[in-house]
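*Asks:* This is what each chain is made of:
Protein chains: 2
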Amino acid sequence: MSTQFQIEAKSGSGRAGKLITPHGEVETPVFMPVGTLASVKGVPQDVLEELGVQILLGNTYHLYLRPGVETVRRMGGLHGFMSWERSILTDSGGFQVFSLNDLRKVTEEGVTFRSHLDGSLHFFTPESAMAGQIGLGADIIMAFDECTEYPAERERVRESMELTLRWAERSKRYFEEHKEEVPWGDSQRSRARRQAAKQVTADRSQESGATQALFGIVQGGMDRELRRESALRTVEIGFPGYAIGGLSVGEPREMTREIVESTLEYLPADKPRYLMGVGTPEEIAQYAAMGVDMMDCVLPTRAARHGLLFTSEGKISIKQARYAQDENALDPRCGCRVCQRYSRAYLRHLYASNEMLAQVLNSEHNLHFYLETMRRVRASTQDRVASK
Amino acid sequence: MSTQFQIEAKSGSGRAGKLITPHGEVETPVFMPVGTLASVKGVPQDVLEELGVQILLGNTYHLYLRPGVETVRRMGGLHGFMSWERSILTDSGGFQVFSLNDLRKVTEEGVTFRSHLDGSLHFFTPESAMAGQIGLGADIIMAFDECTEYPAERERVRESMELTLRWAERSKRYFEEHKEEVPWGDSQRSRARRQAAKQVTADRSQESGATQALFGIVQGGMDRELRRESALRTVEIGFPGYAIGGLSVGEPREMTREIVESTLEYLPADKPRYLMGVGTPEEIAQYAAMGVDMMDCVLPTRAARHGLLFTSEGKISIKQARYAQDENALDPRCGCRVCQRYSRAYLRHLYASNEMLAQVLNSEHNLHFYLETMRRVRASTQDRVASK
Numbered sequence: 000m001s002t003q004f005q006i007e008a009k010s011g012s013g014r015a016g017k018l019i020t021p022h023g024e025v026e027t028p029v030f031m032p033v034g035t036l037a038s039v040k041g042v043p044q045d046v047l048e049e050l051g052v053q054i055l056l057g058n059t060y061h062l063y064l065r066p067g068v069e070t071v072r073r074m075g076g077l078h079g080f081m082s083w084e085r086s087i088l089t090d091s092g093g094f095q096v097f098s099l100n101d102l103r104k105v106t107e108e109g110v111t112f113r114s115h116l117d118g119s120l121h122f123f124t125p126e127s128a129m130a131g132q133i134g135l136g137a138d139i140i141m142a143f144d145e146c147t148e149y150p151a152e153r154e155r156v157r158e159s160m161e162l163t164l165r166w167a168e169r170s171k172r173y174f175e176e177h178k179e180e181v182p183w184g185d186s187q188r189s190r191a192r193r194q195a196a197k198q199v200t201a202d203r204s205q206e207s208g209a210t211q212a213l214f215g216i217v218q219g220g221m222d223r224e225l226r227r228e229s230a231l232r233t234v235e236i237g238f239p240g241y242a243i244g245g246l247s248v249g250e251p252r253e254m255t256r257e258i259v260e261s262t263l264e265y266l267p268a269d270k271p272r273y274l275m276g277v278g279t280p281e282e283i284a285q286y287a288a289m290g291v292d293m294m295d296c297v298l299p300t301r302a303a304r305h306g307l308l309f310t311s312e313g314k315i316s317i318k319q320a321r322y323a324q325d326e327n328a329l330d331p332r333c334g335c336r337v338c339q340r341y342s343r344a345y346l347r348h349l350y351a352s353n354e355m356l357a358q359v360l361n362s363e364h365n366l367h368f369y370l371e372t373m374r375r376v377r378a379s380t381q382d383r384v385a386s387k
Numbered sequence: 000m001s002t003q004f005q006i007e008a009k010s011g012s013g014r015a016g017k018l019i020t021p022h023g024e025v026e027t028p029v030f031m032p033v034g035t036l037a038s039v040k041g042v043p044q045d046v047l048e049e050l051g052v053q054i055l056l057g058n059t060y061h062l063y064l065r066p067g068v069e070t071v072r073r074m075g076g077l078h079g080f081m082s083w084e085r086s087i088l089t090d091s092g093g094f095q096v097f098s099l100n101d102l103r104k105v106t107e108e109g110v111t112f113r114s115h116l117d118g119s120l121h122f123f124t125p126e127s128a129m130a131g132q133i134g135l136g137a138d139i140i141m142a143f144d145e146c147t148e149y150p151a152e153r154e155r156v157r158e159s160m161e162l163t164l165r166w167a168e169r170s171k172r173y174f175e176e177h178k179e180e181v182p183w184g185d186s187q188r189s190r191a192r193r194q195a196a197k198q199v200t201a202d203r204s205q206e207s208g209a210t211q212a213l214f215g216i217v218q219g220g221m222d223r224e225l226r227r228e229s230a231l232r233t234v235e236i237g238f239p240g241y242a243i244g245g246l247s248v249g250e251p252r253e254m255t256r257e258i259v260e261s262t263l264e265y266l267p268a269d270k271p272r273y274l275m276g277v278g279t280p281e282e283i284a285q286y287a288a289m290g291v292d293m294m295d296c297v298l299p300t301r302a303a304r305h306g307l308l309f310t311s312e313g314k315i316s317i318k319q320a321r322y323a324q325d326e327n328a329l330d331p332r333c334g335c336r337v338c339q340r341y342s343r344a345y346l347r348h349l350y351a352s353n354e355m356l357a358q359v360l361n362s363e364h365n366l367h368f369y370l371e372t373m374r375r376v377r378a379s380t381q382d383r384v385a386s387k
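Residue numbers (numbering that gives the first Met the number 0), protein chains in the order written: chain A, 0 to 387; chain B, 0 to 387.
Wrong hints could be hidden among the right ones.
Just so you know, same-sequence chains aren't split out, so a pair can sit in one copy or run between any two.
To be verified - Dumping the calculated DSSO-like pairs for lysine-lysine here, alpha-carbon to alpha-carbon at most 30 angstroms: (1) LYS270 - LYS178; (2) LYS314 - LYS270; (3) LYS104 - LYS314; (4) LYS40 - LYS314; (5) LYS104 - LYS171; (6) LYS104 - LYS178; (7) LYS17 - LYS178; (8) LYS314 - LYS171; (9) LYS318 - LYS40; (10) LYS17 - LYS318; (11) LYS40 - LYS17; (12) LYS104 - LYS270; (13) LYS270 - LYS171; (14) LYS178 - LYS318; (15) LYS17 - LYS270; (16) LYS171 - LYS17; (17) LYS9 - LYS270.
These aren't lab readings, by the way, just hints derived from the structure by calculation.
Sequences are here, hints too, so could you generate the full structure?
*Replies:* Below, the structure written as structure tokens:
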């Protein structure tokens, strides 16, 4: 009644599958664009649909501060609030508390932190993070974890990992007791929205008993042994999906890859595996080939806002003067609407003139590139199986 | 071979007509969104097409500074550069030189001014303004004028008006000698773009001899007598269309209306009449009823970026806390994609959180409201004639 996962094809360690959430189907491996504040910066929801986005990520920390969980809950959760009838995943807030708050204070009970907006004091616990995520009403929510800093001593990493395991149990307990409180409602407005969104897959969120799915998070720093232990003990607690957290926190890329590879071994093959917060287009393709099913990253949209564009010929910094009179498409091999319509010269002009449209178009292109990368990996996994 | 104008219906002083430019048909009265730097801020060209925009305005002053006329010319003019295959009008730069440059120096020959970007010195003459606008390649271009400041002594207004008349003659002379230099080219790329734009009306820009149309501008400050003289003498020079310039420069609204009304009397009924730089939705409807055919204004897009939204129930400041949990559409009677999909609560959240999508969606809605206002005026003019 919550999220299901089906593997359709395997090739080496990679797999092509389907995640079936109460709000539709998600073909995996999947890249999830980040919609921090219930918006993928600069990209309207209908464009996301046209891009083929099947699942979005929202940040609990940011949404908790603005507009607040209660407001979102009253609007029927994030789906209703942002008018997005496809799948959504929220993180637990743990990573933002870690990355945006130098003065956070962690105790057994939870984390005290100051808002990056106004300095006001807040307190997150596994229970309050679950309550927040239930109120936001994403299809997939994440256990509250501590993201261990890098570098860190082994003893510190172990303690942090143990805390995350205890918080995982508390997260699961709270979730099981409160999961019926998810605010999915079938208002006329949301029906109309679904029609407008031309959603073809069944919306099962109104079926009796449909609930969110809570995923566990593996920590353990850059220590393969602790990662193994964290994975095994998180699996023991038992979740319908598992994330690898605590990476992309400043460690060398090669180390990230090693930790991912060694952690994946200990995650159940029949459950979705989510690698949080990576990476470049090359990296997401590599991780997918290693058996990761879900990824998210701000890179495509953030890079876009800085004029860095991903193309089949490599990265382009569109601000460069060399593009000022370049009539070619940004990426001649790209089928996105930006490349179909506009020249590099125009995109360069928009960026150099600080026009808002630069960020809108750049973001659309980069997202297309990421999504297309994943679609290609998925198709090649299926092809390789079919040709056997 | 350049722009033609047909009046299809009249009701009182108002008229419904059709402006046929080398890049398509424009139903009048028409509101022209302002695309200052070859972009209507935050609104992609395909959305403008969906909104039913038939003609855009570009600002010569801004485009001259960035990306420069030569760059645009090499890309086939603004149509090719910004991938917009429908009609375009450029102003002459005179108004921006006036409004953005306190230190401008006007002589008989032209205007010396400093770039608002880097303080560099530039010199515009009627001839260079025409050369610039021919290079930009809009369908309709404007004579180079001096926008008289407000308030001003009668003698100063007269001198300024006389200068504008002499500059109008020089503009026309230069244009007639150089109009064949318009950079409309039929590259494969532009053919593909036109198909992508699903342009249904004929693109006549490739017909041999298709040229731009140069409109004259009436000045004369707030003096009805000088306006009359300016109108008659501008008509004597002879243009395929006439603009009323020098308004919305700080004078009371009632004065604007009076000057427009008295000036319209002296403009030929069979030529398009363009009122520059106005106004609110109520005002543009009033001016259309008075017989104005074309208008432009930054108000819908600028107001949108400040969270001011036009609705059938009046203006809304979406930043207000009262909308924080308002599930209603911004304007329940509006058919635009923003009102069909999103709630006031969501728009308020986007604005309050400084999300780029706020500006994108707000601009789309306000433009729809302006365009719909004009379509309503046009339809009612035709209906009133039909029911007689």
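*Asks:* Against each hint, give a clear statement of whether it holds in the structure.
*Replies:* Against the structure, the hints come out as follows:
no. : hint            : in the structure
1   : LYS270 - LYS178 : within (20 angstroms within a copy, 69 angstroms between copies)
2   : LYS314 - LYS270 : neither (34 angstroms within a copy, 52 angstroms between copies)
3   : LYS104 - LYS314 : neither (40 angstroms within a copy, 46 angstroms between copies)
4   : LYS40 - LYS314  : both (21 angstroms within a copy, 26 angstroms between copies)
5   : LYS104 - LYS171 : within (23 angstroms within a copy, 74 angstroms between copies)
6   : LYS104 - LYS178 : within (28 angstroms within a copy, 72 angstroms between copies)
7   : LYS17 - LYS178  : within (23 angstroms within a copy, 61 angstroms between copies)
8   : LYS314 - LYS171 : neither (42 angstroms within a copy, 48 angstroms between copies)
9   : LYS318 - LYS40  : both (20 angstroms within a copy, 18 angstroms between copies)
10  : LYS17 - LYS318  : neither (39 angstroms within a copy, 41 angstroms between copies)
11  : LYS40 - LYS17   : within (27 angstroms within a copy, 39 angstroms between copies)
12  : LYS104 - LYS270 : neither (34 angstroms within a copy, 73 angstroms between copies)
13  : LYS270 - LYS171 : within (17 angstroms within a copy, 74 angstroms between copies)
14  : LYS178 - LYS318 : neither (48 angstroms within a copy, 33 angstroms between copies)
15  : LYS17 - LYS270  : within (11 angstroms within a copy, 63 angstroms between copies)
16  : LYS171 - LYS17  : within (24 angstroms within a copy, 66 angstroms between copies)
17  : LYS9 - LYS270   : within (14 angstroms within a copy, 70 angstroms between copies)
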